[in-house]
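Same order as they appear, the protein sequences are chains D and Y. The first sequence begins at 1 in this note's numbering and counts up by one. The second sequence begins at 1 in this note's numbering and counts up by one.
Wrong hints could be hidden among the right ones.
As the list claims (entries may be wrong) - Derived contacts from chain D toward chain Y, CB cut-off under 8 Å, selection only:
(1) Leu546
(2) Lys548
(3) Val550
(4) Thr551
(5) Ala552
(6) Lys553
(7) Gly556
(8) Gly557
(9) Asp558
(10) Thr560
(11) Lys562
(12) Leu566
(13) Gln569
As the list claims (entries may be wrong) - Computed cross-link-like contacts, DSBU-like style, restricted to lysine-lysine with a CA-CA straight-line distance of at most 35 Å:
(14) Lys518(D) - Lys438(D)
(15) Lys564(D) - Lys339(Y)
(16) Lys316(D) - Lys289(D)
(17) Lys573(D) - Lys216(Y)
(18) Lys518(D) - Lys570(D)
(19) Lys368(Y) - Lys562(D)
Because the hints were derived from the structure by calculation, they are not lab data. Quick caveat: nothing in here was measured; it's all calculated off a predicted structure. Positions of the beta carbon are idealized from the N, C-alpha and C atoms, including for glycine.
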Amino acid sequence: MKNIRNFCIIAHIDHGKSTLADRLLERTGAITEREMQDQVLDDMDLERERGITIKSHAVRMDYKASDGQVYKFNLIDTPGHVDFSYEVSRALKACEGALLIVDATQGVEAQTISNLYQAIDQNLEIIPVLNKIDLPGADVEGMSQQIIDLIGCTRDEILPVSGKTGVGVEDLLEAIVQRIPPPEGDSEKPLKALIFDSVFNPYRGSVVYVRIMEGTLQKGEKIRFMATLKDYEADEVGYLRIKPQPADILSAGEVGYIIGNVKTLEDTKVGDTVTSLTNKASEPIAGYKEVKPKVFSGIYPTISDDFENLRTALDKLQLNDASLQYTPETSAALGFGFRAGFLGMLHMEIIQERLDREFDMDIITTVPNVEYVVITNDEKEVIVDNPTDMPPPGNIKEVREPYIKAQIITPSEYIGQVMKLCQEKRGVYINTTYLDTKRVDISYELPLAEIVFDFYDKLKSQTRGYASLDYDLIGNRPGHLVKLDILLNGDPVDALSCIVHRDKAYEWGKRLCGRLRKLIPRQMYEVIIQAAIGSKIISRDTIRALRKDVTAKCYGGDITRKRKLLEKQKEGKKRMKQVGTVEIPQEAFLAVLSMDDD
Amino acid sequence: MNFDGIYIHVPFCKQACSYCDFYFTTRSKYIPEFVHTLQREVMQFPEYVSGIVKTLPEEVQRPDFSNPTDTLYFGGGTPSRLKIPDLQSILFSLRSVFNLNLLREFTVEVNPEDINPEYLSGLKEMGVTRLSMGIQTFKPELLTFMHRAHDTQQAEHALALVSQAGFDAFSVDVIYGCPGQSLEDVQDDLDRLLAYNPHHVSAYSLTIEPATRLGKQFKLGRIRPPVDDLVHSQATFIREHLAKNGIIQYEISNYARPGFEAIHNASYWSHKNYVGLGPSAHSFLWPVDHHSAFRFSNPASLKDYVQCVEEPPSAPVNLETLSYSELAEERILLGLRTKSGVYSDRLSSRYRYSWSPPQQTLIQELRKDGLLEPDEPLRLTASGRMLADSIVLKLLRLN
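Given the sequences, and given the hints that come with them, work out the whole structure.
Here it is as structure tokens:
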């Protein structure tokens with residue numbers, strides 16, 4: 001056990017985490033150059049494209065150190081986005097050390113600090129690494145000072161490296177051996193293995209990634225997942241090399257995988273403890289949380305006939321992503337679909353893109369919203385994750401919405417813009433801390449609903465990309481929230497309803513009506529667009545009736561051409577949704593998502 | 001059974017009109033080869049069409065070429081690019097295959113820049129009964145925009161000649177709804193036209209087709225079609241103004257003095273059998289009471305066309321077999337564009353098509369909204385005709 005080093009990497013997007021990790025793999029011979037497909041760890045196409053890690057990954061490397069001994073390194077890669085902060089905490093729990101990677105041209109970012117504090121809280125040994133020192137813009141001196149201010153290390157402890165050229169990688173490998181303590185844990189005690197991730201393999205079922213905290217796990221042993229209380233047999237156990245390497249036994253301190261014919265990821269939840277059925281641990285490892293979605297949205301097939309295909313696609317996605325939740329729902333406007341819950345907006349976008357790319361599903365998503373708690377006049381508590389379920393205004397005593405505490409790190413020249421943005425989003429100011437002379441850490445309490453939308457994009461655009469954001473849920477608070485309905489020729493379009501703050505309802509209503517006027521094509525009849533709160537109309541717009549829609553020529557004897565045109569139009573119309581007499585194109589349902597474009 | 005109409009596509013043009021996406025070429029040196037090939041095609045046609053006929057069940061009636069043909073139409077392109085002797089030799093070949101003794105209509109399309117008194121009398125001697133002339137507009141700027149080969153003066157002159165040449169009828173094409181064209185421009189065009197007392201007017205709203213010069217300009221954002229309100233008012237003006245002068249709308253783009261409606265074009269709209277000869281021309285054959293019809297067309301390139309005629313395939317190329325439901329949709333689509341409309345009982349007897357309950361509901365709604373006339377045959381009102389595409393699409397989607 002003394003030759004095991006378990007560590008993770010804490011880094012901001014684009015700070016070179018994956019490239020550096022690849023370099024470590026290469027130097028330790030875990031992969032040959034030939035096997036090296038750029039950035040091995042991010043293996044989903046989407047991860048590569050977006051340059052972020054969505055799932056945790058782990059890889060074992062054997063390193064022959066200068067003391068002549070061979071060390072087993074387990075690198076656990078962590079997700080790099082605020083939507084996945086719980087997964088990060090579990091990955092950290094599986095480690096004794098962390099490499100804090102800071103881009104020498106960029107400096108420390110909020111997401112890094114948040115994860116760093118979590119790592120420090122869990123008593124991880126931090127090795128500060130200044131990456132990309134080969135770049136012309138690298139400010140080694142200034143960034144080192146930032147790191148010193150942040151974690152209180154000495155100048156000498158900071159390792160300058162370049163993942164690109166490989167400079168300093170050798171020193172880093174030695175530092176991992178020398179500074180990160182070996183794992184502790186009694187192999188004689190009952191088995192306690194922490195699940196820090198699980199992936200679905202279509203042939204083998206759920207593959208569980210674990211860190212053995214105590215005890216041992218033998219191949220063929222009967223096991224129990226302590227939170228879900230599901231029992232299985234560990235058909236195969238092994239180490240996570242680039243390809244899984246089966247082993248007979250995993251002992252305390254080791255990182256590996258378990259395959260046990262587990263049909264669904266539902267049974268193998270991140271943070272859960274695996275124990276032995278014959279020699280049960282009395283207590284699970286602390287810190288397990290049921291992951292709950294924070295953002296909800298309707299997902300509907302563009303063409304109604306595709307409903308079952310959509311269900312199949314979601315079922316398949318869920319096999320790989322247990323945090324995706326969905327239940328069937330119906331909408332008068334969109335027909336049959338699903339209400340899906342996501343960890344955040346990024347997670348939602350990822351699911352949408354995967355439905356499109358991997359399943360070729362053409363979908364309409366409705367306005368995302370958070371989960372509200374409505375107290376009715378008769379003191380009943382109603383959970384609302386779909387605006388349609390909102391009780392009528394006269395029956396509502398109070399609406400409570402989730403709040404978050406946001407930590408925003410920005411260059412100090414953008415303090416004004418950031419505070420203005422937070423105020424616009426109904427934020428409550430907490431404090432500002434100077435990280436150094438140029439960078440500040442601003443804290444705000446904000447309604448989650450205000451940040452799930454476009455907050456992050458706005459923050460980025462108003463700080464020229466420099467600000468970074470992290471947040472934690474801090475509970476529900478009452479707010480003046482109302483349901484805003486959109487009516488077309490008097491018929492409400494349920495899929496366009498949203499819950500907004502009363503003070504913003506008029507502005508929203510006006511802009512939404514204006515946008516819809518542009519997006520809904522003129523039809524045979526006039527279309528009146530109205531925004532309403534309850535029975536009160538707050539905005540109105542009109543789409544005039546189409547005056548002329550007729551082809552001049554029928555191409556002589558080539559009637560076929562005309563008929564084919566008609567067939568094409570018929571196909572096109574299938575993508576339109578009909579509410580009353582009004583035909584609504586797919587784009588109109590997305591209008592609300594991009595309300596700030598105009 | 002016979003072929004009711006014959007269409008000859010003459011693909012030669014002096015220059016390329018900016019809006020036109022019919023097949024044409026400006027290389028007149030190929031005219032002799034074309035005339036020769038066309039004659040050969042005519043002679044081979046019965047054999048060519050037998051490629052379809054021999055697949056038919058025995059009890060189905062075969063086309064009989066000795067039965068008289070109603071209409072003959074030379075279109076293009078610009079048929080007036082051909083000299084009278086060329087037209088005569090084509091006609092000579094046609095007579096040897098088809099029975100043209102009882103022609104009800106013999107139309108030739110002409111362009112203003114091509115005609116003179118001798119040419120017109122030549123046509124008349126051949127038996128041409130009807131001329132169709134592409135004037136499009138009198139306004140110089142718009143003629144330039146359309147890239148027409150004639151100018152205002154030539155247009156006036158040609159109209160004077162045609163109106164005095166003593167044909168049974170003549171028709172004039174105009175185009176409205178062009179970028180920059182005002183309602184006053186349209187009024188002026190019509191008034192100048194009406195001074196020559198045409199029997200028939202085809203007024204086309206400018207359609208920007210992708211594969212044309214305008215299509216390219218549109219894609220590049222250099223031109224923008226006028227707003228539909230303006231086009232609508234132009235269309236309304238044309239309908240009303242022509243009506244005041246006794247020229248009545250009988251199809252979306254076609255107007256005639258009563259009794260002078262185009263017979264040949266109408267045969268396309270009512271699924272009569274027609275022969276199309278020349279490059280890109282379409283033929284249609286629907287044997288009586290047969291469950292399917294055939295449409296086939298020549299290659300839309302002179303070179304491919306010549307090759308196809310020289311080495312004829314055993315069965316027509318670009319052959320499409322149409323089912324009852326496809327035919328019915330075509331009939332509804334085309335019939336609703338005409339003032340005479342479609343009879344529901346005819347749809348059921350000839351096309352085996354009946355209105356579904358949702359279609360019947362829609363028909364009632366359209367009647368209530370004044371877009372459809374209240375009785376049979378099913379036909380659009382003047383305001384309904386302006387929305388014919390939307391209405392047809394709505395109706396046919398509900399089946």
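Status of each hint after checking the structure:
1. Checking Leu546(D) against chain Y by beta carbon gives a least distance of about 6 Å; that is within 8 Å, so the hint holds.
2. The criterion of a C-beta within 8 Å of any C-beta in chain Y is met by Lys548(D), whose closest approach is roughly 4 Å, and the hint holds.
3. At its closest, the beta carbon of Val550(D) sits 4 Å from a beta carbon of chain Y; the interface hint therefore holds under the 8 Å criterion.
4. Because the smallest distance between the Cβ of Thr551(D) and any Cβ of chain Y comes to about 6 Å, under 8 Å, the interface hint for this residue holds.
5. For Ala552(D), the suggested interface contact is upheld, since its CB lies about 4 Å from the closest CB of chain Y, less than 8 Å.
6. Evaluation of the Lys553(D) hint against chain Y yields a held restraint, the C-beta minimum of about 6 Å falling below 8 Å.
7. The beta carbon of Gly556(D) comes within 7 Å of a beta carbon in chain Y, closer than 8 Å, and the hint placing it at the interface holds.
8. Satisfaction of the interface hint for Gly557(D) is found here, the shortest Cβ-Cβ separation to chain Y being roughly 4 Å, below the 8 Å cut-off.
9. With a least beta-carbon distance of about 5 Å to chain Y, the hint placing Asp558(D) at the interface is held under the 8 Å criterion.
10. Interface hint status for Thr560(D): upheld, as the beta-carbon distance to the closest one in chain Y is roughly 6 Å, under 8 Å.
11. A distance limit of 8 Å between C-beta atoms decides the matter here; for Lys562(D) the minimum to chain Y is near 7 Å, and the interface restraint holds.
12. Interface hint at Leu566(D): satisfied, since its Cβ lies 6 Å from the closest Cβ of chain Y, which is below the 8 Å cut-off.
13. A least Cβ separation of about 5 Å between Gln569(D) and chain Y falls short of the 8 Å threshold, and the interface hint therefore holds.
14. Using a Cα cut-off of 35 Å, the hinted pair Lys518(D) and Lys438(D) is violated, with the two alpha carbons roughly 44 Å apart.
15. A threshold of 35 Å between alpha carbons decides the hint, and for Lys564(D) with Lys339(Y) the separation of about 24 Å falls inside it, so the pair holds.
16. At most 35 Å may separate the alpha-carbon atoms for a hinted pair to count; Lys316(D) and Lys289(D) meet this at roughly 24 Å.
17. Proximity of Lys573(D) to Lys216(Y) is assessed by CA-CA distance (about 26 Å); at most 35 Å being required, the pair is judged to hold.
18. For the hint linking Lys518(D) to Lys570(D), the alpha-carbon distance of about 22 Å falls within 35 Å, and the restraint holds.
19. A C-alpha spacing of about 28 Å is found between Lys368(Y) and Lys562(D), which places the hinted pair at or below 35 Å, so the restraint holds.
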